Structure formats: C-alpha cells, structure tokens
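Sequences are here, hints too, so could you generate the full structure?
Each protein sequence line maps, in turn, to chains A and B.
Heads up: the first sequence at position 295 corresponds to 381 in our numbering, and the numbers run straight through without jumps.
Heads up: the second sequence at position 276 corresponds to 362 in our numbering, and the numbers run straight through without jumps.
Because the hints were derived from the structure by calculation, they are not lab data.
Wrong hints could be hidden among the right ones.
Pairs count within a copy or across copies, as identical chains cannot be separated in the list.
Below 25 Å or equal to it, Euclidean Cα-Cα: the simulated SDA-like pairs (lysine to any residue) are [as the list claims (entries may be wrong)]:
1. 477 <-> 167
2. 447 <-> 198
3. 107 <-> 437
4. 447 <-> 477
5. 477 <-> 359
6. 206 <-> 439
7. 477 <-> 234
8. 448 <-> 328
Please read all numbers here as calculations on a predicted model, not as lab measurements.
There are 2 protein chains.
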Amino acid sequence: MKPFDFKVLGFLFSGISAGIKKDGKRDFGLIYSEIPAQVAGLFTTNTVKAAPVQLGRERIRGGLCQAIIVNSGNANACTGSQGMKDAKRVSSWVAKRLRIDERLVFPSSTGVIGSRLPMKKMEEGIPQLVDQLSPGGWMNTVEAMMTTDTFPKIEVATCRLKEKSVTLCGMIKGSGMIHPNLATMLSFLVTDACIEAPLLQQMLERVAEESYHRITIDGETSTNDTVLLLANGMSGHPPLSRMNRDGKVFRTLLLKVCKTLAESLVRDGEGATKYIEILIRGACNKEDAQRAAYAVARSPLVKTAFFGEDANWGRILCALGHSGARIHPDRIDVYFDQARIVKKGMGAGPRWEEKASEVIKKKSFQVIIDLHQGKGQFSVLTTDLSMDYVKINASYRS
Amino acid sequence: MKPFDFKVLGFLFSGISAGIKKDGKRDFGLIYSEIPAQVAGLFTTNTVKAAPVQLGRERIRGGLCQAIIVNSGNANACTGSQGMKDAKRVSSWVAKRLRIDERLVFPSSTGVIGSRLPMKKMEEGIPQLVDQLSPGGWMNTVEAMMTTDTFPKIEVATCRLKEKSVTLCGMIKGSGMIHPNLATMLSFLVTDACIEAPLLQQMLERVAEESYHRITIDGETSTNDTVLLLANGMSGHPPLSRMNRDGKVFRTLLLKVCKTLAESLVRDGEGATKYIEILIRGACNKEDAQRAAYAVARSPLVKTAFFGEDANWGRILCALGHSGARIHPDRIDVYFDQARIVKKGMGAGPRWEEKASEVIKKKSFQVIIDLHQGKGQFSVLTTDLSMDYVKINASYRS
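Have a look at this one:
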C-alpha cells in the first residue's frame, strides 16, 4: 500500500471507536453513498451464516445499497433470531439518522462468535459515525474493520469509461483465513462508475474466481465472509448494462484491485513470516491442478517447513500423493523459484538443494510443481505456519 | 503403558544403533519368527509410496512372513528404482544372515524423505542385529522405530483359543500424523495364534476401521504408513480359517490392542498438550457424522483454541458449517464433557461457559456434538495444536 489521496464521487466514509472491542481501537465504520448505488455481493458458503450475512443476502435482491455499516469485535453469528433482530435494528438506526430507506443499509460484522451485539454502545455511536462521514475518511473505516490484521489494507485505481474518469476503491480485512481457515474476510468495493446490478454481479463473480478464491479453500469459509461492490454512477458516463469493451475495461480494473487486496491479505496472514505462490503446471486438467495446489498450500507440515526455512521437498511430494490429483510420482519436477530441487520425483542433488535453501530464506518465493501429465494449471497464494499463528489463535478471545 | 514381561512363542526381537540417525539413538530393528508366519498388512493409500511399501505390497501376496526389518532416520521414499534396489538388498542381507528365503523378509522405513539408505551402515549393522535377537528384546525394536515419538508405545494382551493360551504383542510409532497429517505410522503386531492369512487380513481390516482409521484423516497418509500382523501358530491350537466364535475372541483381542496403540499415538501427538475425543451424534448418517467429526478435529482454529484453553465454541460451529455434513445450525448442541455450552446453535450462557472452561483445562476430555438430524454417529481422537508442534516440524531435518 502506498500513501495516496483520492475521492470516489459521492462516497463518504467514517470509522469510530464505539467500545465494542476491548482495546479501545476503532470498531464501528460506515460507508455512505449520496445516492442509492447498484450493488453486487458474495457471501459465505458456510452453512452457519451470521445474522448480517442472512440479512445482506435478503437485501441484495433489491439491487440497491446506499450504506454499509460494519463493526469489528463481535461477529453477531450463532445468535439466533435475536441476532437477526439486532442486525435489523442497527441498520434501522443508521437509516433513520441518514434519512434513507433501511432496506438500503447493509450491516456487516466480524469478531467473536456467539455473543449478542452491544446494542447500547452501537446506538450511542451512530450519531458520531454519521457526523464524521467525509470523502477522505476511508482509513478510519478500514481501521474499524480490523481484527487480527496487523496493517490496514486498501487499494485505489482509476480508468476512463466513455471519456469519463472512474475511480474504484477497495478495502479488505482478514488475516487468518488463508490456510488455515475460518477467520472472516470482509471486502468492500465502491466506485462512481455506472454499471447495472446484474452486470456488476457477473463481473464480481468472475473476478473473485481469480482473486479472493485463489487464497481460500473452497468451502472452508467463515460464518461472516462478505464481499460487496457498490457502483453509484456519479462519474456520469452512460450506464453499462452488458459486457462490452467498456465493461472489459472496468472488469480489468476490478481484477487488479481485488488481486492486490487478496495478496495483501496473504501478506498479513496470521503470524506469517513468508508468502508463497504454489503454482501447479502440467496437471491432467484445471480441477486436478487445483486439488494439488490446495493440498500443498494447506499442508501444515509443508507450511511449518517453510517457516523453518527447510527445503523439505519430501513433504511436498507427500501432499501431492494424497491430494486426489492424478500423478505419476516419477514424473514430478519441483522448483523453488528457478532452483529445480526435484527432478522426476527424486532429489536433484546437493547443488540444487543448496540453491533451493537460498530461495526458501526469502520472504516471498514461488514453488512451481510440474506434474507432466497434461496442460492443467492453477496457482494459489499461501503463507508459512509459524509459532505466532498458534499464539495469536490460542489467545484470540482472551 | 505399564511395565511388563511377556513372550510371544517363537518370536524374537532386537534393535540397535547403526548410525542412521544423527543422534546415535537406536535406529535399526528386527522382528523374527522361528517359523514362517501367516501375514496380513495394510499399506498407505498415498499415491507416492516409499520403496519398502511397494516391496511389502508385493511380498504380502505370498501370505507368509518370517522377519520384519525396520529402520528410522530415513524413509527410503522418493528414491526411485535405486530405492527399490536398496530395500531389496537390505532384505536379502538379513535373509542370508537368518538363513531364510528373502521373500519372507519385509522391510520398513521411516524418517526423512528423498535420501538413499546408508547402505554401508546397514550392512555392517545386520550381524549385530541378528546376534542380539531375543524373546524379550521388544523394547529395543520399539525404540529403533521411533522418530519424533517422545515415548515407546507397546501393548500386550492374551486370550484362550481352543484351550491354548495365545499372546498378542503390538507396537506402534508415529506422533504427528493424527491431524495434521503426513508423518509416518508404523505398527507391527505379532501373535502365536494360528490363523490363516485371508482370515487374518479380514480381521485386520475390520479392526483398523475402529482403531487406526479413527485417528487419521482418510487419504491424508504418509508415503510409508504400514501395519503388519504376523501369526506363527506356535501356541499350538488348531488353525482358524474362517470367522467363528474363536475368531471373534481373537478379533476382540486385536481390537483392544489396536485401539490402545492408536490412542497412545494420539497421546504422543507432536507437541500435543491435550487429547480430545470429538463425538458426533444425531447426524443424518455415519458418513455425515464422519465428515463433521473430521472437520472439527482438523480445524487449526479449533485446535489452537484447545491449546489456549479457550472454550471458543463458535469455531466448532464454523467448522461444522463447512464440513459438508447436512446440518441445521439452530438444532446443534455442543457439550464439553457434561457441560452443554451450546444449546440449539447458541451459547447456553455464562454458567455453562464457565463449566466448559473448567473442562477444557483438563488434559483429556470429550467434545460431544449432537446435530439432531438423525442417528449417524462417529468419533475421532485428536490433539490440540501447540507452539511446540510448529517448533518440532519446522526443525525436523536440521
């Protein structure tokens, strides 16, 4: 992330400390569009869905959103019908203060599961939250979303659509969900482009495949994962309603921002000291490549070896062997960046082992695995598994 | 494990230090039966199979085994055709020294993947290994199998078959494979019962379902996992060739020994400070129960919470939600031993939370999850995920 100053036309941001988190840091944020925006969204596939996710899934059917209200410190998950009532109430308080329809307010929560939202604190915080809204207040909003994140994650990019300048701003929180999993990812994207909701949804789904879904294990999602994309059209270009050349320009912009956000999330992996791209080449097909990539990327033994800077390629072959992907062990090549440490399923010798040992000392590197089976390819980003990961997650609620 | 003295008629054991491990501990072991024994075996399902596993799978077709040769410190995996030649050579040396057919010798290896066996050291060790064979030498054999194990794991039990006393002795090594996975499990069982190989195999498979397979994730196996069961018939009862009352008596004995061995392996989980039984009740069927049990048992976030003694039940519900098992979140009850911390998908309140917090401080406890969907049930043993786990696995090869 770089220092920058920007505006997304018509969008205002704020973030305050409402006392939801114990440490007194910002924990309550608001994103507001001066006019209702077209909205697209992705929600967790976990069967256990937090109340705000259930509400968001309902409200997104309307195709419009004017405000996102977000809190950290409490996930409002596993809170039953009371949790749903609470989520609705918070959104109605915000709507009232903003003088908008409450169905245009999307609530979002992250934090500890199983406790009721501190309703009084939230009610008391809303006037301040609304009063502090400003076009440059995005850093406060990002801070209010953070849980175990060690740095705020935000990205901005611009493009031209029909001779108008368009800005897209994305923010993300999350740090533990990468592999291992389950911590919440929230990502909010706002733009002054003019794109109709169905097209926006189509773009978001396509882009997520290449960004957010490359850093998470399918199905191993938290109760609260949410991505929302708002487009209020205030840049003034004629509306886009189907995929054409302009649509592709915007989708490219969206992909760039989402990829950067996803990567920054990996870089902030809980306790991570390294970030590593696992690239599978030469699989029978893409599905096999994906299976193989995930098996390596989530193996605790591979990840602890990365942490220990031990180029223990045996664990990589072992993970491939139980991945379910079709492999012939004696065809597999493994590279650490350019160093081919495994040739045809066997160690390539001390010279290469030495080179790989240099690579693994770096903070960031690639592990390229060529299965020599076919043309399937897939890459996934992951981190090492450090002692700090255990420390952070053992003491999360205390 | 308790101190004990026993003999299995006709079986001799030894274990020495041949210099395969760097630390000078025992690393080369031998189990020998005075007459060829009927043999049953289970081998890793990993596509990447170590040379000794490939050889064992070939030789077991003969139905007979007279010697098991085992080394730690080197897995002889990912060593190509050279590894196969090496495994065969070691077994032929042993066979020669014992004056038996080399096809009756089953080699077994555990340790680092991708290095050739130190053939010279092994050749030089064999005379001593054979000379030291004795009926009471089993502790030396067990020690020679150990890698990251912190204590030797052995179990003995007896029963009567057709008025003859029969003894069964089992040993196991392994400590990291439980969840997370991939470390090697080796288990050797020897008995003086007289049971024909096909029946022996059938018994072993059935018993493994209820013991070894309850502590490992299906498919996430190492390159070397091996279970061998030898029956030399020297107790002198008439042979058993099909399942009858006597067969059931022996199978019960086998189950008891295998369960105890599997449990001791969990108790020695790498860096584990707690061992926990995850019991799923009320699932739609057994498969769903199994899915749910494994999802909870292998969730790093659940396991780090156990380590931190944090009764963070939200993470348990979250793991259930992405397990693939059919659930209704608002029906789920969760107990920590007797303390029902979750009632109908929600926290049961501070009183129960307090009780659960007491339970989680224990070294061993049950987590019972009732899905209230049907009658499916499954239980699995697991450990917490501690900082020591990371430490052990980050520095394994150094």
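message: Reference check for the pair residue 206 and residue 439, CA-CA at most 25 Å: within, between, both, or neither?
response: Classified as between; 23 Å across copies, 60 Å inside a copy.
message: If the cut is 25 Å between Cα atoms, do residue 477 and residue 359 qualify within a copy, between copies, both or neither?
response: both (14 Å within a copy, 14 Å between copies)
message: Cα distance capped at 25 Å. Does residue 107 pair with residue 437 within a copy, between copies, both, or neither?
response: Result: close only across copies, 23 Å inter versus 52 Å intra.
- request: Could you figure out if residue 447 and residue 198 sit no more than 25 Å apart (CA to CA) within one copy, between two copies, both or neither?
  value: Result: close only across copies, 21 Å inter versus 35 Å intra.
task: First find the shortest C-alpha distance between residue 477 and residue 234 inside one copy, then the shortest across copies, and answer within, between, both or neither for a cut-off of 25 Å.
output: both (12 Å within a copy, 22 Å between copies)
task: Since the copies are identical, ignore which copy is meant and state whether residue 447 and residue 477 lie within 25 Å (CA to CA) inside a copy, between copies, both or neither.
output: both (23 Å within a copy, 17 Å between copies)
- prompt: Under a CA distance limit of 25 Å, which applies to residue 448 and residue 328: within one copy, between copies, both, or neither?
  reply: Neither, since 44 Å and 60 Å both go past 25 Å.
task: First find the shortest C-alpha distance between residue 477 and residue 167 inside one copy, then the shortest across copies, and answer within, between, both or neither for a cut-off of 25 Å.
output: neither (34 Å within a copy, 44 Å between copies)
Hints 1 and 8 from the list above are not met by this structure, while the remaining hints are.
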